[in-house]
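K.L.:
So the chains spell out like this:
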Amino acid sequence: MNEHEVNEMKKLLQRAVKATGQAEPQRDLWPAMLRKLSEKAVRVPWWDWVLLAGTSLVLCFFPGMVPALLYHL
Amino acid sequence: MDKHPYLRAYLAGIAVPTVFLLVVMTAYTLIRYVYDVPIAVEKVIVFPMAAVPNAWGLWNVLYLAFVQRRHFSLGVFGGVLPLLLAPGGYAVTRLLNFSVPAEVFHVAPFALPIGIIVYYLAWKYFVGFLNAELGIA
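One line per chain: the protein sequences are A and B, in this order. Counting with the numbering used here, you get residues 1 to 73 for the letters of the first sequence. Counting with the numbering used here, you get residues 74 to 210 for the letters of the second sequence.
Excised from the complex, chain B in its bound form (with noise of 0.2 Å):
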């Protein structure tokens, strides 16, 4: 069980967010397509279906390879993405010309630290017990 480390701690980390994108592509279909909401977000789809989960799974290999030797809490490191995440989010948007709705700014300075706490809280329990499971931890 000692083979591959980094592999084992990417599909760790991919996993997480992998079964959430269930969750997310089926509040976006019923959104768009059974209560017709006017926003066009098969442009930005690509963000959550593609980036977001290899950001989880290099972050965790980040993770193991520079940051556990040093008895960093893998919570408080998972926290930190979404200061990666959002900006890179937020991007897309502008780059494919997606017009966000002015509900979503007005939320934003409440909703950078409650995805904070929601990451600190996946990273901690969710990805850790991936890695303790899969023998990385």
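If we strip away everything but chain A, and leave its shape as in the complex, we get (with noise of 0.2 Å):
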């Protein structure tokens, strides 16, 4: 590939890919980076604390299960 063909190439080039505009982002995205990770909480939906609290209850009202549960655990 001789000196012209590398010119045309890179001209057949910028024309393909246009120049971004703005390469930096207006703004700096490092503090809403760092409020996503730490608002890692736990959602907990509704049919696991009904089966929680069911569970809760049974546990209540039989109390003689907890030491089977308890061997199993």
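Don't read these hints as lab results, they were simulated from the structure.
Calculated lysine to any residue pairs in the SDA-like style (CA-CA distance at most 25 Å, straight line): (1) LYS36(A) x GLU206(B); (2) LYS36(A) x PHE202(B); (3) LYS116(B) x VAL165(B); (4) LYS36(A) x GLN26(A); (5) LYS76(B) x GLY208(B); (6) LYS36(A) x LEU207(B); (7) LYS116(B) x VAL92(B); (8) LYS36(A) x TYR198(B); (9) LYS116(B) x LEU69(A); (10) LYS116(B) x VAL66(A); (11) LYS36(A) x PHE199(B); (12) LYS36(A) x ALA205(B); (13) LYS116(B) x PHE171(B); (14) LYS116(B) x PRO126(B); (15) LYS116(B) x ALA175(B); (16) LYS36(A) x LEU203(B); (17) LYS36(A) x GLY208(B); (18) LYS116(B) x PRO63(A); (19) LYS76(B) x PHE139(B); (20) LYS116(B) x THR102(B); (21) LYS116(B) x ALA164(B); (22) LYS116(B) x GLY64(A); (23) LYS76(B) x VAL140(B); (24) LYS116(B) x GLY161(B); (25) LYS36(A) x GLY201(B); (26) LYS116(B) x LEU70(A); (27) LYS36(A) x ALA210(B).
Relying on the hints, combine the two individually framed chains into one complex.
P.N.:
As structure tokens, then:
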């Protein structure tokens, strides 16, 4: 590939790939990233709350189950 | 953080029942020696002390090796474990001639579903949290 072909290729590439007007973001994204990382809250769906409440109630009414559960935990 | 994923899965699995073991041992000690309940639990204590934590660790390894890639719920997979542990625990009591109190048989039909729910929640939230922290979720 001679110099002329290299220049042609360069022009073709410059035409095909348009320059991005602004390479840098307009604002600092790092604080938002830190905020997102710290938001790591556990979301518990409603059916899990229902299961937890039901299990607690059953264990309150039938405390004899507790030793059997502890034995298998 | 990509080395030994199965070792990390095993450790994450055994961590939860190992912590609960403190509660179990405290309860057993109180029942046996403080309230003088005449049940020789020391004969069968090996099951919750050794078999259960190892079963949790191995179950988590199995989940990582075969199940996780199919996007199967960790909670549901953990909820299946009591179906193996309950017969195992009963087998230990039979092998060691441990007389299970009659009350246990009365509550057994309700205890198994409750155990499955407890395991489902423990695996979903506790083991799931540890798996995420160890980078294998």
